[in-house]
Amino acid sequence: MSTRTFRITVRGAFDGLTDGQRAELLAAAPEHDMLHAEFTVEGHLTYDLAARPFFTFRFLDSGEAEEDILDATARAELAAEEWLEARGYGFKQLRSQAQDLSLAPLGKRQRREAARAGAQD
1 MSTRTFRITV RGAFDGLTDG QRAELLAAAP EHDMLHAEFT VEGHLTYDLA ARPFFTFRFL
61 DSGEAEEDIL DATARAELAA EEWLEARGYG FKQLRSQAQD LSLAPLGKRQ RREAARAGAQ
121 D
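Numbering (the numbering used here), first residue to last: 1 to 121.
Source of the hints: derived by calculation from the structure; they are not laboratory data. Keep in mind that a hint or two might mislead.
The following label-pair restraints were derived from C-beta to C-beta distances [said to hold, decoys possible]:
#1 R87 to E66: 27 to 37 Å
#2 E38 to G63: 15 to 25 Å
#3 R116 to T18: 50 to 60 Å
DMTMM-like mimics (lysine to aspartate or glutamate), calculated; alpha carbons at most 20 Å apart, straight line [what the hints assert, rightly or not]:
#4 K108 to D15
#5 K92 to E82
#6 K92 to E113
#7 K92 to D15
Note that this is a predicted model, so its numbers are computed, not measured. Beta carbons are placed, not taken as given, at the ideal position from N, Cα and C, and that holds for glycine.
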């Protein structure tokens, strides 16, 4: 059985931030910029608090079966909640979306490479 890779996105909105928390987040904003977004095992947080109160965590997980995506999603949501709660940041509207990369359609370059590999067999 092969390992499946999952990308989980957990989105939400900051809620009830104090002036100090807002200043803290604004000071750390360059390291959470959308232009540097990536999926990581630990979860990568992005936000633009100066524009709007929303945030996104991006997690990378894996499993053996298609059903493992449910556990991976639950782990990602819990990790996002724990990160926010550990810092005392209020949040609301937490929701998640997961993708099994083994089921994702191939891009143009991947289709070309697959066709070449098939022609060589």
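Results of checking the hints against the structure:
Distance hint for R87 and E66: a CB-CB separation of about 34 Å, consistent with the stated range 27 to 37 Å. Distance hint for E38 and G63: a CB-CB separation of about 20 Å, consistent with the stated range 15 to 25 Å. Remark: the range hint 50 to 60 Å for R116 to T18 is upheld by a beta-carbon distance near 57 Å. About 41 Å separates the Cα atoms of K108 and D15, which puts this hinted pair outside 20 Å; it is violated.
A threshold of 20 Å between alpha carbons decides the hint, and for K92 with E82 the separation of about 14 Å falls inside it, so the pair holds. Taking the CA atoms of K92 and E113, the gap is near 43 Å; set against the 20 Å cutoff, the hint is violated. Simply put, K92 and D15 have alpha-carbon atoms about 6 Å apart, close enough for the 20 Å limit, and the pair holds.
Checked against the numbered hints above, the structure breaks hints 4, 6 and satisfies the rest.
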